Amino acid sequence: MNLLREHAEQQYRRELEALKASDDRQKPPNWALSPWAVATFILGDGADISAKYVGDRRLIETAVATLATDRALLLLGLPGTAKTWVSELLAAAICGDSTLLVQGTAGTGEEAIRYSWNYARLLAEGPSREALVLSPVGRAMEQGKIARLEEMTRLPSDVQDALITLLSEKTLPVPELGLEVQAVKGFNLIATANNRDRGVNELSSALKRRFNTVVFPVASTVEQEVDIVQKRVAELGQVLELPAERPAMDEIRRVVTIFRELRSGVTTDGKTKVKTPTGSMSTAEVISVLESGLSLAGHFGDGVLRPADMASALVGTVIKDPVSDRVVWLEYLETVVKERDGWRDLYRALRDVPV
Amino acid sequence: MSVRFFGIRHHGPGSARSLVHALEALRPDVVLIEGPPEGDGLLPLAAHPEMKPPVALLVYETDNPSHSVFYPFTLFSPEWQAILYSIRSGVEARFIDLSAGIRFGMQGARGRRQDPLQMLAEAAGYTDSERWWEHLVEERQDDAAVFEAIAEAMAALRPDPLETEDAVEAAREATMRQGIRKAEKDGFGSVAVVCGAWHVPALAATVPVSKDQKTLKGLGKVKTQATWVPWTNGRLALESGYGAGVESPGWYHHLWLHPDDTAAHWMTRVAGLLRSEDLEASPAQTVDAVRLAMTLSALRDRPRPGLQEMNDAALAVFCSGQTVPMRLIRDRLIVGEALGEVPSDTPQVALAEDLSKLQRRLRLKPDASVRELDLDLRNDNDRLRSLLLHQLNLLDIDWGASQKVYGKSGTFHELWRLQWRPELSVQVVEASVWGNTVAEAAAAATTDRLSKSTDLAAVTGLLHQVLLAGLFPIVPVAVGRLEELSALAVDVLALMRAVPSLASVVRYGNVRQTDTAAVAHVLDAMLTRICIGLPGACLGLSDEAARDMLEAIGRVDEAVGLLEKPDEATRWRGALAALVDLQGGSPLLAGRACGLLLDAQVWEPGEGRRRLGLALGAAVEPTQAAAWIEGFLSGRGMLLVHDDRLRGLLDQWVSMLSDETFMTVLPLLRRTFATFTAGERRHLGERLTDRGTAVVEVAWDAGMVAAAQPMLEQLLGVSRE
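Taken in order, these protein sequences are the chains called A and B.
Going by the working numbering, 71 is the number at position 69 of the first sequence; the sequence numbering is gapless.
Going by the working numbering, 305 is the number at position 304 of the second sequence; the sequence numbering is gapless.
Since the hints were made in silico from the structure, they are not lab data.
Owing to the predicted nature of the structure, the values given are computational and were not obtained by experimental measurement.
C-beta: ideal position from N, C-alpha, C; glycine also.
Don't take each hint at face value.
[Said to hold, decoys possible] Example chain A residues on the side facing chain B (calculated, C-beta under 10 Å, incomplete):
id	residue
1	Leu5
2	Leu61
3	Ala67
4	Thr71
5	Leu78
6	Asn197
[To be verified] With beta-carbon atoms standing in for the labels, derived distance ranges:
id	chain 1	residue 1	chain 2	residue 2	range
7	B	Ala150	A	Gly146	41 to 47 Å
8	B	Asp568	A	Arg346	51 to 57 Å
9	A	Arg346	B	Ser543	33 to 39 Å
10	A	Asp50	B	Ala150	31 to 37 Å
11	A	Arg346	B	Gly541	32 to 38 Å
12	A	Ala49	B	Ala150	30 to 36 Å
13	A	Lys233	B	Leu329	45 to 51 Å
14	B	Ala150	A	Ala23	50 to 56 Å
15	B	Arg418	A	Asp58	47 to 53 Å
16	B	Arg683	A	Ser159	52 to 58 Å
17	B	Ser211	A	Thr223	51 to 57 Å
18	A	Asp271	B	Gly541	26 to 32 Å
19	A	Ala53	B	Leu27	47 to 53 Å
20	B	Pro367	A	Ser159	34 to 40 Å
[As the list claims (entries may be wrong)] For the chain B half of the interface with chain A, some residues (derived, Cβ under 7 Å), not all of them:
id	residue
21	Glu164
22	Asp289
23	Thr296
24	Leu297
25	Leu300
26	Arg303
27	Ala317
28	Val318
29	Ser321
30	Gly322
31	Val325
Kindly produce the complete structure, drawing on both the sequences and the hints.
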């Protein structure tokens with residue numbers, strides 16, 4: 003395999019097959035696995051099936067149960083809380099296909115949700131079924147699969163509203179041809195959205211009503227977050243073939259601590275208040291800081307991740323607004339990082355980054 | 002003779018239902034219930050038509066009511082159902098637990114054991130024993146054999162049931178065994194024992210009588226009294242006499258009422274609640290929520306959805322993953338707000354007795370409707386009424402709310418708004434832990450609050466209330482606490498906020514026959530600290546903070562005026578003068594300080610003009626100057642009306658401003674002038690248009706005026722008188 007990134011159903015083909023072989027429980031129509039097996043696939047069973055999501059079991063159970071009823075599922079959370087990852091795993095486990103994906107952007111049009119035309123054929127043959135190009139959502143309806151919609155709140159409001167008919171009537175009318183695509187059993191939609199994003203299109207309440215919402219929380223303890231970061235960084239390191247060694251746990255813990263403290267506005271010992279920067283300071287950003295640190299250490303350093311390798315990426319991530327965030331950062335650096343035992347090296351490295 | 006044991010969970014609807022079925026099948030001759038024998042005499046009241054659970058059996062020490070214990074019952078408590086059964090079928094019911102009087106004597110031995118069900122729940126893969134029990138026992142429908150199964154499980158947990166380190170538990174179980182023996186001796190053929198599941202193995206064990214007698218020997222008993230009191234679901238959720246609270250009484254009540262179609266009824270109630278709070282909850286969503294809860298319970302291998310499934314489904318469907326509406330559901334449905342009622346002929350708590358005695362004596366009848374009460378404190382009866390209402394307020398029994406009185410009579414008048422709500426009787430019972438009489442209880446509760454409070458303003462407020470309530474013995478406690486806190490306080494503003502109410506205490510204390518020397522002493526120390534800290538506290542303030550400070554300065558100045566103590570006044574005015582000269586301070590505050598000093602006649606009007614001149618100098622930013630003016634003139638229109646030169650200075654300054662700057666400072670000036678009364682503004686307007694009185698020195702040439710005068714008179718249509 004020479005792929006940069008495999009789909010979940012490719013990456014975990016063996017596990018899916020093993021689950022399918024042993025799965026004797028009742029399956030909803032057109033599901034490849036039973037709901038129990040889907041939940042096990044994501045949460046792991048402690049033996050052959052790896053745990054792919056670390057966190058609250060109830061969230062995953064609610065998500066799977068939602069898809070088993072015919073309501074659509076909306077996953078909310080900060081970047082790095084594994085919404086997209088869980089949505090991919092759910093689609094892979096339920097219908098063996100996580101590729102029916104629409105990415106929501108400000109420029110996504112209605113045709114990305116409904117259908118568009120193959121214009122060459124349209125001109126040559128006139129409107130016909132053959133000239134019709136169904137969107138991933140339309141194809142999921144036709145085949146009874148799970149469609150995925152990423153960053154739903156970035157879609158313009160009128161495009162969001164196009165979903166309402168789809169979800170309530172379970173049909174996609176094509177008035178030009180006088181026909182409609184009716185959803186086959188097994189069709190459902192998983193949407194994800196960032197609930198802290200600014201400047202996005204809030205969901206209308208009509209649309210909200212058609213979704214069951216599951217909010218993915220930021221990891222509740224440092225240990226949990228360190229685990230997540232460790233796991234993702236290791237995976238990314240393999241994918242990108244970074245030459246550096248895996249980062250020491252201590253280094254990860256320090257970065258996670260900095261991010262957690264800035265995010266929550268209080269130090270982990272609960273004693274000192276710190277100001278919070280404007281950025282979201284999510285787990286995804288911790289991962290990207292470590293990743294760039296690793297790559298610097300691998301390509302330009304001695305292969306071992308040192309504070310200096312991460313410093314500039316870290317500072318760059320914190321300071322999103324050059325004025326207010328700068329004050330926040332310098333205050334944090336001088337009052338918290340400087341005072342902390344055993345953080346001397348990190349303090350020096352961070353101080354040397356011009357801000 | 003046969004003895005059947007029914008191991009139940011206190012407040013478990015499933016247990017209650019199974020128990021009723023089992024009792025009806027068994028038809029015992031006597032029902033023995035885990036509960037204090039003091040309550041035996043009160044049992045018949047359970048079937049009284051006015052009795053509405055949740056209620057609690059309250060047992061307290063006659064001489065020391067703060068030693069008390071509550072045994073709450075609600076409709077779905079198995080014990081309650083057992084009592085109702087016994088009344089319904091005319092058989093005797095007895096409480097066989099250790100008497101509360103003995104338990105009060107065993108101080109210190111009140112050990113808490115670990116939740117025994119926790120171990121079983123963990124073995125079954127649950128993290129929460131309440132959930133486990135719920136799924137296993139409370140939510141199941143077939144009740145045959147459930148009691149045998151429970152007894153077996155408990156026997157497994159307590160292989161040696163007589164082995165216990167807890168002296169109270171040993172004594173309780175010995176007493177209950179004795180109770181069973183007594184029932185036997187009294188010749189009852191079929192005996193039903195209703196007790197906590199945990200006790201079943203110990204009660205069923207064969208123990209020699211002599212051993213139990215030995216355990217119970219030498220246990221002293223104090224005199225107690227028992228009564229029924231109304232209870233609430235919220236308090237059911239707390240720990241109680243059994244050491245067993247339930248987290249979700251509302252949900253259990255729901256299970257008791259709707260054993261079938263639980264999910265549909267529950268979600269309908271959730272939707273109704275959300276709609277009543279103007280949150281979105283459509284019938285379509287209700288259907289979806291029920292379906293999701295069902296699917297979740299299937300996914301989790303549970304025969305029917307439990308509370309956890311209901312909550313997960315409600316969170317995903319109704320609340321869009323937001324936890325705030327869930328809190329509403331928790332408070333209103335899962336816990337519930339039910340308030341019980343007890344028959345009016347129930348014996349009362351000591352505190353309640355004292356209260357009703359006082360109510361009769363002072364002719365203050367509790368009334369459910371709102372009523373205004375005007376008290377003249379010079380009149381003895383009214384003064385006692387005021388003391389009572391203030392004391393009740395200190396106990397959080399907010400029967401009366403004090404209204405502000407305006408006008409001259411404010412020092413000896415109080416206006417109250419009275420309304421007696423049924424919850425207050427629970428509050429009375431709750432407050433009864435603090436003491437026997439209203440005054441005693443209020444003093445004890447306040448002492449406790451004082452020792453826990455770390456907030457200067459709160460302690461000051463309490464001291465004020467204590468004096469109003471006439472609780473003189475604890476004034477030293479409050480003053481001591483105040484002294485401690487004010488010494489540690491770094492926030493000058495907090496100190497300043499505490500001053501006005503203390504000052505009014507010192508000033509008006511005499512009206513209420515209070516000794517206020519100690520308070521005066523503390524106040525003196527506080528004022529010293531304020532005077533030292535004031536200039537520093539006024540540096541680098543934001544606009545908003547400066548306004549807070551402005552208000553505080555005004556209040557303190559009023560308070561200092563009220564005190565009429567020359568030393569303190571001098572010190573305070575010294576601090577104000579420092580504020581006027583403060584470099585980098587807020588101009589708003591400097592202006593106000595200057596104004597206050599003028600009012601107090603510390604400074605001559607000439608000095609005031611000089612200061613205004615300085616503040617309006619060309620070197621000063623116009624916005625700063627406008628802020629100074631605001632501080633200086635706010636509410637002081639008369640000053641400007643009468644002092645021509647002051648007005649002249651201001652006039653000159655305004656005329657000097659460029660158009661652009663004038664536009665910038667206009668809102669600030671308007672704000673200042675808006676504080677003047679309409680009369681002051683009219684006078685000012687007249688003075689300003691009437692240039693004749695303005696002190697503008699003009700070189701008159703009488704000859705030229707005389708030449709122009711006749712023509713002017715003609716034009717203006719006036720003639721010389």
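Hints and how they fare:
no., hint, verdict
1, Leu5, "33 Å, violated"
2, Leu61, "9 Å, holds"
3, Ala67, "4 Å, holds"
4, Thr71, "5 Å, holds"
5, Leu78, "6 Å, holds"
6, Asn197, "8 Å, holds"
7, Ala150/B to Gly146/A: 41 to 47 Å, "45 Å, holds"
8, Asp568/B to Arg346/A: 51 to 57 Å, "55 Å, holds"
9, Arg346/A to Ser543/B: 33 to 39 Å, "36 Å, holds"
10, Asp50/A to Ala150/B: 31 to 37 Å, "36 Å, holds"
11, Arg346/A to Gly541/B: 32 to 38 Å, "33 Å, holds"
12, Ala49/A to Ala150/B: 30 to 36 Å, "32 Å, holds"
13, Lys233/A to Leu329/B: 45 to 51 Å, "37 Å, violated"
14, Ala150/B to Ala23/A: 50 to 56 Å, "37 Å, violated"
15, Arg418/B to Asp58/A: 47 to 53 Å, "49 Å, holds"
16, Arg683/B to Ser159/A: 52 to 58 Å, "56 Å, holds"
17, Ser211/B to Thr223/A: 51 to 57 Å, "55 Å, holds"
18, Asp271/A to Gly541/B: 26 to 32 Å, "29 Å, holds"
19, Ala53/A to Leu27/B: 47 to 53 Å, "51 Å, holds"
20, Pro367/B to Ser159/A: 34 to 40 Å, "57 Å, violated"
21, Glu164, "36 Å, violated"
22, Asp289, "5 Å, holds"
23, Thr296, "4 Å, holds"
24, Leu297, "4 Å, holds"
25, Leu300, "5 Å, holds"
26, Arg303, "11 Å, violated"
27, Ala317, "4 Å, holds"
28, Val318, "5 Å, holds"
29, Ser321, "4 Å, holds"
30, Gly322, "3 Å, holds"
31, Val325, "12 Å, violated"
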